[in-house]
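Enquirer: Sequence:
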Amino acid sequence: MSDVPDPSEIFHRAAEEGRRRLEQPLLELAATGFIAGFTIVFGIVALGIVHATVEPQFGEVARVAGALAFGVGVVMLVVGRAELFSENFFDPIAAAVERSNSWLIGPLLRLWSLTLVFNLVGGTLFVLVMSVDVALPPGSGAAMSTTAEELAHRESAGMFADAIAGGVLVALLSHLLVSVDSDGGRIAVAYIVGVLLALGPFDHVVVTVLHVLFGMRFGADIGAGTLAVITIVSTAGNLVGGLGLVTLSHVAQAIGARESDT
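Going by UniProt numbering, the letters in the sequence shown line up with residues 1 to 262, in that order.
Because the hints were derived from the structure by calculation, they are not lab data.
Here the structure is a predicted model, which means the values were calculated and not measured.
Even for Gly, the Cβ is constructed at its ideal location relative to N, Cα and C.
Hints may be right or wrong, so weigh each one.
The following label-pair restraints were derived from C-beta to C-beta distances [claimed, not checked]:
id, residue 1, residue 2, range
1, Leu109, Ala228, 14 to 24 Å
2, Leu245, Ile105, 16 to 26 Å
3, Arg81, Arg110, 13 to 23 Å
With the hints as extra help, turn the sequences into a complete structure.
Expert: Below is the structure:
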C-alpha cells in the first residue's frame, strides 16, 4: 500500500489538472462541454433500451439492468476526457487553493457556467436526434418516458436531496480519478459511479434534464415550468453536495495533512 498517494499528493495532482481546466481557451471549453453533453446521452439511451428489454420478463430487475448499462456512458466521458458539470468542482478548487494571490473566482464561474450550458446544448441536440421516430428500438421511448415522469413528479425536497447525493457522487468521481494511477482503475471508478448515479436514481442536473427531455419528446406529461424547476433544484443540490460536502471536505483534509507534515 506504500504506492497509494496520500491526501497531499492527491490534492497536488488535482491542482495540476484544475489549472489545465481553468486555462482552457473558450473554443476548447465549449467543445469539451458540448461533447460531454451528447456523450452522456448514450448512457441514457442504453438505460432506456436495456430497461425496455428486461422489464417484460423480469420486472423491477430492469432498474438494476438499466443502471448497469448507464455506467458505460460515464466511462465514455472519462476515457474521452470530456467535461461534465460538477465533475469539474474538485480539481479547479484545488488549483485555486494552491494559488496564493487569488481565489480565481472569475475563472471558476466561467468554467462551471460554460460547462453546464454546453453540456445541455450538446445533450439537447442529441436528444432531438435520438428521439426521431424509430431511431430507437420499440419500447425504449416508453421506458424513458416513464422514468422521466417519475423524476419530474417528485416533491422538491426529495429532488433536492437526490441532487445533493448526485453532486456528491460526481464530485467524488473527480477526486477518485486523480487517486488512481492505472487506466483500468479509472475505468472501474467511472463505471461504479455511473451505476450508482442511475441506480438511485440520484440527480445530476445534466443527466436528469436530458432524461426528462427524452420523456417529453416521447409524450410524458411534463411541462416547461416543471423542467425549469428540475433544472434549478438539481443545480442547487449538485452545488451543495459537490462543493459543500465533497470538495471543501477534501480541501480541509489536504490542508490538515500538510500541517501534520510540517
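Enquirer: Could you check the structure against the hints above and give me the numbers of any it violates, in ascending order?
Expert: Going through the list in order, the structure violates no hint and respects every one.
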